[in-house]
Amino acid sequence: MITPEQHIRLYKEMLRIRCAEAALAERYKQQEMRTPTHFGLGQEAVPVGVCAALTKEDVAYSHHRSHNHYLAKGGSVYRLAAELFGRKTGCSGGRGGSVHLTDRESGFIASSAILAECVAMATGSALSFAMDASDRIAVAFFGDAVAEEGAFYECLGYAALKKLPVLFVCENNGYATESPLSIRQPEGASIHGRVASFQIPTRNIDGNDVAEVYLTALEVVDEMRRKPGPVFMECRTYRWLEHVGPFFDHELKRTYRTKEEVEEWMAHCPVKRHGAYLLENGHATGEQLSTWETETRKSIEDDIERAYQDPWPDVQTLMDKVY
Amino acid sequence: MITPEQHIRLYKEMLRIRCAEAALAERYKQQEMRTPTHFGLGQEAVPVGVCAALTKEDVAYSHHRSHNHYLAKGGSVYRLAAELFGRKTGCSGGRGGSVHLTDRESGFIASSAILAECVAMATGSALSFAMDASDRIAVAFFGDAVAEEGAFYECLGYAALKKLPVLFVCENNGYATESPLSIRQPEGASIHGRVASFQIPTRNIDGNDVAEVYLTALEVVDEMRRKPGPVFMECRTYRWLEHVGPFFDHELKRTYRTKEEVEEWMAHCPVKRHGAYLLENGHATGEQLSTWETETRKSIEDDIERAYQDPWPDVQTLMDKVY
Amino acid sequence: MRIIKYNEAISEATVEAMTRDPSIFLTGHAAAYPSGLFGTTARAAETFPGRVFDCPSMENAFAGIAVGAAAMGKRPVFVLPRADFMFLAFDNLLNLACKWHYMYDGNAGRVPIVIRAAVGKGWGQGATHSQCPHAPLAHFPGLTVALPSTPADAKGLLLNAYTNNHPVIFFEHRSLFGTEGEVPEQMDPIPFGKARIAREGTDLTIVATSLMTLEATIAADELAKQGISIEVIDPRTVRPLDEETILASVAKTGRLIVADCSWEMCGFSSEVAGLIAEKGFHSLKAPVRRIALANCPAPVSLPLETAFYPKASTLAQAALRLLNKDEQDLAGIDRVDYFKGPY
Amino acid sequence: MRIIKYNEAISEATVEAMTRDPSIFLTGHAAAYPSGLFGTTARAAETFPGRVFDCPSMENAFAGIAVGAAAMGKRPVFVLPRADFMFLAFDNLLNLACKWHYMYDGNAGRVPIVIRAAVGKGWGQGATHSQCPHAPLAHFPGLTVALPSTPADAKGLLLNAYTNNHPVIFFEHRSLFGTEGEVPEQMDPIPFGKARIAREGTDLTIVATSLMTLEATIAADELAKQGISIEVIDPRTVRPLDEETILASVAKTGRLIVADCSWEMCGFSSEVAGLIAEKGFHSLKAPVRRIALANCPAPVSLPLETAFYPKASTLAQAALRLLNKDEQDLAGIDRVDYFKGPY
Ligand SMILES: Cc1ncc(C[n+]2csc(CCOP(=O)(O)OP(=O)(O)O)c2C)c(N)n1
Ligand SMILES: Cc1ncc(C[n+]2csc(CCOP(=O)(O)OP(=O)(O)O)c2C)c(N)n1
Ligand SMILES: [Mg+2]
Ligand SMILES: [Mg+2]
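Residue numbers (the working numbering), protein chains in the order written: chain R, 500 to 822; chain A, 500 to 822; chain Y, 264 to 606; chain X, 264 to 606.
Watch out, some of these pointers could steer you wrong.
Claimed, not checked - Sample of chain R residues at the chain A side, in silico, Cβ under 10 angstroms:
#1 Ala615
#2 Ala646
#3 Cys654
#4 Ala658
#5 Lys661
#6 Ala695
#7 Pro700
#8 Asn703
#9 Ile704
#10 Val743
#11 Gly744
#12 Phe746
No wet-lab data here; the hints were simulated from the structure. In this text, a Cβ means the ideal position worked out from N, Cα and C, and glycines have one as well.
For reference, chain R alone in the conformation it holds in the complex (with noise of 0.2 angstroms):
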């Protein structure tokens, strides 16, 4: 069970992610943040679950769209924006850019930008613990397209061969830039279908419900605990925004999807559907809603503000950590 503050603490990561998300995005439009860049924006409550349900000791790994997962894990927004304005107090010192973020303290090893890399780190990082009977695990989050490339089929096989203790987080939010499921995957065969084939435990699970992703995380991280072995979760989920950038597709006359199928999404938004469940439930007024959500973009306003002062890395630094 989920007690009134774990609640509310789910709700203010996800409202902190969303809110930086939107701030960023609309920073992103006045083009001095010049790394390509796809905001995470809708897709808030699979890594808010699935990071509350780790410690600092756990790892995890994301893709290209990896802002929320960062975040999630632990990252500050004040390093994550001065990385996307190529500071040098950026998390990666202004090298990587959006697809190429770290911090290690909380346990984000990386983000990458080539699809399937992050589930063989997430599996060799597991793979590491299994080799010293540690009981960390390794999550990897990444999306649907994964499924397609076959380096996330040695992976599965690998894990449920070892038993190691690695969390495959699949967010199918129905699209890969602008390719729906359909014309990529065949019919019928699901991603957690085609996962279970390999004797790996998997849940299907609504990536818009914050509690249901905790709750199934909860149960499956403590299992894997207990005893090692990889689980798959397939968290169905839509991203807001177009693939890359700060626009809705539709402002842009992109017409791979329609604008009612980006408002349908929008109404099961995770962050207000959570904001709603806690004031059902008693757990919150609408007056403490609207003042963490003031305090929290002011906050970030501050965070991304600090960032856009910081100095570029010196061009002397070029060819520093070069080996």
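Based on the hints, put chains A, Y and X with the ligands in the right spot on chain R.
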């Protein structure tokens, strides 16, 4: 149903391949075929049963252990032997060696040494057939290790998505070089089970029973011609000789499998077994069987000797076919 | 003559070739969308809906699928929005496609496949979305590797790729898609292995690939004002390489700069420098100068990225030095990057 | 001093390093079997059964798994029975491992992984089982690429690889596993980027990689009989490259042959020729000569294979020509291939 004539044809074809491989393995020991060679002794029923269900217009691809497939699809012993001797009359002009065979006329397009390449090539040929609305079929012959390679799953997904007329034939002989299946693939996750999760029809059959292979292949090929789409056949079989080279493992004191295991499988020899079936059912007499064997051996010895006498390629041709 | 853009030229070549040859089909991620490879596939997609289609993310297998389709008489064109994804396809390209004709002694038929990929910098693409692996690929016999730098070359080389009988890798530079140039309505294919002399000159030769040809031309224009005559050679294809044209130019000028859009080590700039050391040694009046990316992964941050990429001023400066002239402040000649996010 | 074989030296380095550092583990196809990588993993497998284990055929993912394990403090060693399989792992090697330290600005930790692979000819290995892709890999900043040519170098360089903090690719030549040489019982790691002068000389420099160092030494021995003094340099690592030692040698001899065990184009022989054209131009008395594989895939058939690979006589002949001496019949100096099938 299989007619007596067909039964005899299946038997004779297995006999041809068995005798060819046995004779080549014997010659191989003289160290004059300078090409690493994976003999197919013991696995004759699968290629013979499958190829008997195909037409010349259908195409086949194979992996490193490819002699059986090349021969069953219609390749000549003479040109195979010449290839192993490195002669210019070899099916690949002596350039390819044992793992790079071709015989376009009979529809054996290519074997290649890198795992899973043959699966992709067959899928590609099937794509071509599908685009032309032709009723041709492409077949890939490969081993159990291919189920560890990512490219295999990429092809499964693509073939299922595009409903391509490709027949995947996996000869599961339980080993990849010296590694048994159990240390390579997850417990309980059968290969055909994994394939089925892609919504591909699968068959799991006794690969040492040529009649079962043939009937299954006839059935699926017929289905595929009427309604294009991939089919997967897993055929349980066993290789008699070492992974690469002409010896029995125990002759070289290799211990990764026991002599007993090999002998048990040899007792289920597909050729002997089908010979016994012919006798039992009055399709052939013992005398016939031994005449066929004598004739086959003779003709194969002639082919091999003729190949041996053939000339090397001229050194001046080293740069021919370079563009 | 008619002026069109690089991406229009590519689109045009594609539509023309597909009209002539029904065996050509084109696929790749987003290939069927208006955004497909910088708009170069959109017209083909409209015109030949059944022959232009999307492809799941399966770079490895698809390269092998292309080989299998080509072996049956198709001409597959596989497009990649970033060349960096091509590493996943290296096995089927290097162990299969490029060896096919030789390894089976011509008996297994031909595999005419074309892989088109966008390369290069722009808007902080960073370490994994900007690479141009033409040199590693050109190392392998059996591959043709083309990098057109003008709209006309893009069209002519692509027409040749689409009718060639063997695998071709075709690198289209991000910063060139919007550039304009003269392209005849009717164009013949441009043969592989025939360099283009982008600018004639007598004092120094610059051999430059892809975008670097543009940078070299800017540098040459600037130096021309000072009476320095630079010859700019665009090899068009790295493999086959037009050694003759390069050697003839150096025989005339005696001085060589090689400017490449990838790294130096075992790269194209070393290849040409090595060529001259072996076959043009007696023409050389001064050391060859190799100009390539800084010897580190591509950083995103603007000042680092700016320092990472060589440009017109880098080339002009190097030319001055080779000619024993004083260095000058030439930063003013560098093009402003017109790229806008988020791509 | 003690004489051991190349494969014994490799085995010894592995066991020593694993004894000292419990974070090292070793895996790859057949790694746990006596046949593992030409017997070089057997003793480690016996000594550390939990840390040497087999790996399914999944070259792509395992390279990424190695990165993820390394990021947690392990030192994975991934062995490949043929370097040709490594193309499948190029994505994780080139887009991830080699960029890791730079791209995350050092903040994501380190990824000390070692990939060991057998390369080279023998017994008709053919086009897809004989390649040595050191040049394509060395093109990318962030990778160390080593090719030891003697037992002592194999041990010393491997000891360094096993303690290095970044990804290392280690190519072991099939034709060298059985060769013998002096190897001290106690050995220090040999630093990367420090060439070995295999033989001192004054008339001509041969820079040679891997097996070609052996061929160069045979050629040098033969020519010494005729009073010709050849210096043979083994760079040991292609990246980092010891430019200094090579330049110093050419400064002394004025003549250079580069002999490589892969192809010429965008390969190591061009790299060194280019280096000299840029930084050693004024020392050169004659054109550089690049000697590499014939410009085609490796054929299997014996006479073709024999013609395909350069050998001692090829080098000796080239040296004579560079020194303006008459060609001679030197085929007698070439080593007889001791390889036996089926491997
Ligand atoms: C190997 C590889 N191929 C192609 C791409 C280009 N690419 C970037 S994002 C993307 C779609 C990813 O879709 P999905 O995994 O569903 O994640 P989402 O963007 O929907 O969050 C593609 C194809 C890539 N980054 N890596
Ligand atoms: C990509 C790749 N990795 C590794 C190898 C080395 N190798 C050659 S055969 C083989 C085992 C193949 O086993 P299987 O597929 O079961 O076929 P079998 O030999 O049993 O017929 C391996 C690992 C290879 N050829 N290609
Ligand atoms: Mg998606
Ligand atoms: Mg097997």
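Verification of the hints:
no. : hint   : verdict
1   : Ala615 : holds (8 angstroms)
2   : Ala646 : holds (8 angstroms)
3   : Cys654 : holds (9 angstroms)
4   : Ala658 : holds (8 angstroms)
5   : Lys661 : holds (9 angstroms)
6   : Ala695 : holds (7 angstroms)
7   : Pro700 : violated (12 angstroms)
8   : Asn703 : violated (14 angstroms)
9   : Ile704 : violated (19 angstroms)
10  : Val743 : violated (24 angstroms)
11  : Gly744 : violated (28 angstroms)
12  : Phe746 : violated (30 angstroms)
Figure legend: structure checked against the earlier numbered hints; hints not met, in rising order: 7, 8, 9, 10, 11, 12.
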